[in-house]
Amino acid sequence: MDMTLVLTAIFSLIGFIFTCLAVIEKDLPKAVVFSAVQSAAYAVLFYLLRAPDIVLVYVPVSVGLYPAALFFLIGKSERVEE
Amino acid sequence: MRRSYVVLVSLVSIVFVLAYVTTYMNALGSICSDTRYLAKLFLALTYNPDTNSSLKYFAAMSPEAVTAIVWDYRGIDTFYETTVFFMAIIAALTIYRGVTSPASTTQGNGLSLIVKVVTKLLIPMNIAVAVSIAVHGHLTPGGGFQAGAALAVVSVLLAVVFSGSSFDKLNISISKAVALRSTGLLGIAAVTFIPLVYNLVTGVQAYLMQSYVKADAPFAFPTHIWGQLISGTLIWLNVAEFLAVSFGFFVVFMLLSLREETVRKYLGVGDGH
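The listed protein sequences derive, respectively, from chains A and B.
Sequential numbering from 1 applies to the first sequence in my numbering.
Sequential numbering from 1 applies to the second sequence in my numbering.
Chain B on its own, in the form it takes in the complex:
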């Protein structure tokens, strides 16, 4: 009992010391002060429609500085994050190899009627929000991963509220989810390699994953469609990432919602751990 008091007191004192250091002593720089210099630089450069200025070579043509950094200035970084997620899903699929149709073997009734009706109303809203976050990722906070995570909640709701068999009723199978996820990954690869193809065909200098003109590479993805800002590669990468992430999570939760006996039967393992 005395030990837990010591732990509590030390935790509380750590919290107070950290709070004091970060607020009154400005250890992380002053909070709620003016925008920092680096942030000002990015905000000034990220959306720069003035094509006569040489600053356009630093522009990402997106008013959303975060998405511009995530998919343009540091695009390769996000590319590798996607690769890590891809490997995680592949690992899950490898463990559950051979399990093709989960839902037909799982029978459950799900939760009560009230919960089901409320969830039925929530799911379309959830899908709408997810798609909106994805296609507005280059304009407002959000992007491919955020939208994918939002849509993945639908798979959790389906598995928990309507039971695992609901995937079968809605005609969503693991192979379909994997196909949609692969479509997303292929989309990212296509956007990455289009500048290379352009370079091979026309001989004009272009960089992998290039979105907008650079000083020595005049290649640029279209920044507008029918007068709407689409910010070059950003919207395509966001939509592709949205597919890859959301259906990656779909696969994982469809596999996790399987009954243990079913998995054992498919994998041919006995009762032992």
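Same shape as in the complex, but just chain A:
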């Protein structure tokens, strides 16, 4: 079996688990961190699927800008989802 497929499966699974955690989590900053971990797993997936252009835009946006924007917005509203 191809090693790329095995790695793709592993990182998809990591992404899947952290997506579930981000959806379930009620503490919003924690949910954002879970979402960022999921994005990091997806960045590896894009690299494995030979899309380095997407990796270069996905890493800063999903790990840097998007969580930052969400943190600013959580700071302006409430921390815990009800």
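All clues stand as given, with none of them false.
Derived, one-sided and incomplete: chain A residues facing chain B with beta-carbon distance under 7 Å:
#1 Gly64
#2 Leu65
#3 Ala68
Computed list of lysine-lysine pairs in PhoX-like fashion (alpha-carbon distance at most 25 Å, straight line):
#4 A:Lys76 - B:Lys265
#5 B:Lys116 - A:Lys30
#6 B:Lys56 - B:Lys214
Worth flagging that the hints you see were computed from the coordinates, not collected in a lab.
Glycine included, every Cβ here is placed at the ideal spot set by N, Cα and C.
Go by the hints and put chain B onto chain A.
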């Protein structure tokens, strides 16, 4: 509790079915197989320095097929993406209208000394990587938007680690960021309309956003400078997009890092939501 188990089991089964269908049943075509025909076509045509062959009419003169597609073969598409981003920034500026100097009114100490020192070391590297991605966009994976997003991380680091007042200390104001972003957008517009001006002046056929010679339009941007490949319009569009995107994000994060009381004061709104 039982409901969450049902959700979990159904999600896991969906994942397995999708994984099985896409890998063993080749629903999306076989993964990790040979290059597909369309990709071969683009790879063969995108960089074609043989000027005697008529295939040069399909060339973008860039070895990076993705940037060639993004800014040459489907350039108008990317142009409209830039327009959408432009509108988003304009919307943010409209909401925060009247707020000119954010930093002087925000006072914060930022994070601890350790974090600050590490970030000070990281920021120059971040800028170097961003500029490198922008100016090598026509040679290696990357391009204007990727570089802009990479530089925008600097604005997040400044706002979070050194607090909002760091923008003021570094002499970065919202109006300056808007000016740099507009410079980028004007650069894209200039590159788009240069073939039109050429056509009006010389009478030679040229298309908007044209980068390299076409069968009925001999106009071409220079592909090399001092022996270095610059791929016609691609490097200029990448650098202009880099400015537009990075300083667009700068504006947004400078506005977001404002304190709520400051914004309320500027906008003249009360405490109610």
